[in-house]
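Protein chains: 2
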Amino acid sequence: MTIENNAPERIRRRRGRGDGTPPASKRSPNYRQLRNPFPVMSVFSDDEAANMNETALTMLEELGMRVLLPEAIKIYAAAGARVEGDMVYLGREIVEAAIASAPRSIHCQAGARERDVVLELGALAFQPGAGAPHATDLKRGRRPGSAQDFTEYTRITHHYDVFQMMSPSVEPQDVPTNLRHYFTLLTQAERTDKFPFLFARGTPQTLDNFEMLRIARGLSEEEFRTGAHAYTIINTNSPRTLDIPMAQGLIDFARHGQMCIVTPFTLMGAMAPITVAGAITLSHAECMAAITLTQLVNPGAPVCYGTFTSNVDMKSGAPAFGTPGHFQASLAAGQMARMLGLPWRSAAGSASNINDVQAANENQMGLWGCLLGGATVIIHSAGWLEGGLTVSYEKIVTDVEVLNMVAELCAGKKAGTDEIGFANALSQVAPSGHFFAAPQTMDRYNTEFYEPLVHDYANFGTWTERGARDANARATDVWEAILSKPDQMMTSPDRLETLRAFIEKRTAEGGAPPES
Amino acid sequence: MTIENNAPERIRRRRGRGDGTPPASKRSPNYRQLRNPFPVMSVFSDDEAANMNETALTMLEELGMRVLLPEAIKIYAAAGARVEGDMVYLGREIVEAAIASAPRSIHCQAGARERDVVLELGALAFQPGAGAPHATDLKRGRRPGSAQDFTEYTRITHHYDVFQMMSPSVEPQDVPTNLRHYFTLLTQAERTDKFPFLFARGTPQTLDNFEMLRIARGLSEEEFRTGAHAYTIINTNSPRTLDIPMAQGLIDFARHGQMCIVTPFTLMGAMAPITVAGAITLSHAECMAAITLTQLVNPGAPVCYGTFTSNVDMKSGAPAFGTPGHFQASLAAGQMARMLGLPWRSAAGSASNINDVQAANENQMGLWGCLLGGATVIIHSAGWLEGGLTVSYEKIVTDVEVLNMVAELCAGKKAGTDEIGFANALSQVAPSGHFFAAPQTMDRYNTEFYEPLVHDYANFGTWTERGARDANARATDVWEAILSKPDQMMTSPDRLETLRAFIEKRTAEGGAPPES
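Protein sequence lines correspond, in order, to chains A and B. For my numbering, add 110 to where a residue sits in the first sequence, where the first one is 1. For my numbering, add 110 to where a residue sits in the second sequence, where the first one is 1.
Bound-form chain A, shown alone:
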């Protein structure tokens, strides 16, 4: 770290709560590599789950997948799949061989080793809400996502250790689509050393992205290809369709050793059956078909099983999140992922239009479904509103409070002699006395408890005197403080210079429009 990089840290320590970070304390919790401490919950019996898996394999054999990319059809056919037009029928031996070659553990390489994340069953990583066309906050209101929003969102995401991975974030709609991937990669290189996200919007953009990432990380082609340095998310087009850019993304990322998270987005009652069992069976089939493509291209390529299944409101057809159906779908998906042995991603999220009590309750309910389902990666775990149409700066902060508390639970607690404290606490205080000055309390008062970001414990009188500000108003202070800190570059100046020169050259050449 340079002296400049240290300056904000010194300021932060002096300032205390006002800038949204806890005051100087002896606590130094590690939120960067988490293990899921919660017991795994199943919604179906083992037999029921096995029947779902069997049905999914039968679907791939008998009903088939529609595949729109000729290159992908050829790869499936070469492996022995039956092809009729754009329909691909996958025998189970092809699928089972692919699942067998997919890695059980993926070492995701970030910009700094202490930011690396290992994805495997039992690990736990969070991403903020992602893929939103709009951004909102209490200061500036709801607006189409812009370059400024993307940059700010990147900085806020980077700020919180509990986000171990970057996310697809907010769409910078004011950047031309043929140049947007330059902007989003450069911004990630500048503002974060966490494991980055790349959109798969056609081979030209993907190859640009890979080249830029090699520059930013200082990697040879060989070094890049032999480690997972970035990831993309592949949504199938449920039911049973794999479109051109998604199929291309699976091929390109697998070919270059980069990670795909395969996630059918299956809304029960709309593009998926109305039942949890039916929707997860469909999702499972599509997921296995996509994973198979990656393994046919490059056996052992890093790939993560994924689901995002919730229900629609049957009165309006609108998507709902944080519902019992969403929760149970996460449990069911976890059962399928464990059957395959693969790391898997699930999702929280909210359908609410503002960061209100509904938004909080939906997000947390969805989160617990993911946690009890044993999800490895939980996306949309903070900030997601309107079923993903908007990300809210205040909601990122209020949801991070919940994620930080979950991260604290990952650390567990001890009950040794010192903690039980017969000698240093329980026998030191008379009946009806207090423990404020007990030796155990004095030893631990500034390390024992989680310190909140935005939750306020003032009593009603004090809180009223201070302006009766709700959690949202306080959350505005928190994100404003993060953004008011001096900017710092997370990649060395020489690499950034090379990266900017590459972008300048490619921009002059016309960039790379997205493909669809």
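Check each hint, because a few of them may be wrong.
Intra- or inter-copy, both count: the list cannot distinguish identical chains.
To be verified - Straight-line distance between alpha carbons at most 30 angstroms, and here's what the computed DSSO-like set of lysine-lysine pairs gives:
hint	residue 1	residue 2
1	524	425
2	595	136
3	136	184
4	524	136
Everything labelled a hint here was simulated from the structure, so no lab data went into it.
Assemble the complex: chain A is given as a structure, and chain B must be docked to it using the hints.
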């Protein structure tokens, strides 16, 4: 049911959503008798938990409990406890014999058999926030609790099946203290047939309460004494003190076969050690001492193990709820309760001053601690603000949304042939098609999903056109609709007449002031 009793039901069915209940639907979920479907989570190893239990027994033997009621001291002494002044030292054989005689399963008898609740490990019951001196809502603001608030709170609590038990509710401060117990029992008899709560504020009030409940239920003294028809909550005065009304309550309720929920209120860092292990060890010791008193008075008397342990904010000393410490304390308490084999009560709750995102997140975080701790009864599961100083009508509604969803999860899901739906769904829809009209969807569209009370899935445009109302504003509509329904009496007119005559007589005699 009389014709009058049916009228509101008919109106409700015609009205649909506007009155806060779901529209006519084929769904008829049973929220009245729940089993906890969540896997049990431990925070400590079995050895650590055993050491905590050992330490608690040692505390009772060597450090002792301060007991302020001479009658209680005599009972403990008669069982062989060593007494010095008001200090009682309990040998472990006395405690272990008492725990052995406490019932593992308690059949709580309500006003109607379908409202009965069985409390045992594995069962799950919710109560709304309780014991608040203040009430608040968006229409009338925050005010000292009144008779009107108590009545309204009783009606709202009765309305939701997911509250299987009545709670200590809100304090009707405008009713004289010597007559308050008449008012609160009469109101419960009038407005609900759920399992009632009675305060233990001295023997005269308790005997009045028992007599009134016998009248309301039409029970002989013998019938009353041989079933649990009501309960009270006994808070010890941590650390290690049992005061006069609480000790008297334990004796009176046990003697008459009524249920005590024993709940030390142990804030870590204040009246309890700063560690989860220390605080739960203290709570466990106090709880066992109080349970012992009930069993010495009447072996087999219904008694429920209880804890309420959270942390204080070490900067201000203010209580905090829904924290990692609160969560872990619930897990630890569950381990102790399971060691004894007794049903147990835990608590959610919030420290927030209004029903905002903090209030929602704290309450739900605390709730999940209770659920994963395997709690039998979860009190303060809805409506509790300011660490219990206020109950919020809107928060009851928004928290009930969460509790209803948990109740839905209790029902589980199936994955049989029909649910997986190869024939009636998966094979019926072409790639990229939709399932809106699939046979499986048509069979289930009005029964498959939970229908929300207050969550809104409208898109941003529609929601804005409708007034951009947040969940709190919508919750106001919901509780107003409940209270606007025609009042209905839940006890027969003749019994109510007898009850009112009893109250009139006792009032003329001067009532019964609380004792302390």
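Here is what the structure says about each hint:
Proximity of residue 524 and residue 425 under a CA criterion of 30 angstroms is satisfied inter-copy only: 23 angstroms between copies versus 49 angstroms inside one chain copy. Proximity of residue 595 to residue 136 under the C-alpha cut-off of 30 angstroms is restricted to the intra-copy arrangement: shortest distance 23 angstroms within a copy versus 56 angstroms between copies. Taking the shortest Cα distances, residue 136 and residue 184 never come within 30 angstroms of each other, neither inside one copy (59 angstroms) nor across copies (49 angstroms). Proximity of residue 524 and residue 136 under a CA criterion of 30 angstroms is satisfied intra-copy only: 18 angstroms inside one chain copy versus 49 angstroms between copies.
Against the hints set out earlier in the document, a violation occurs for number 3 only.
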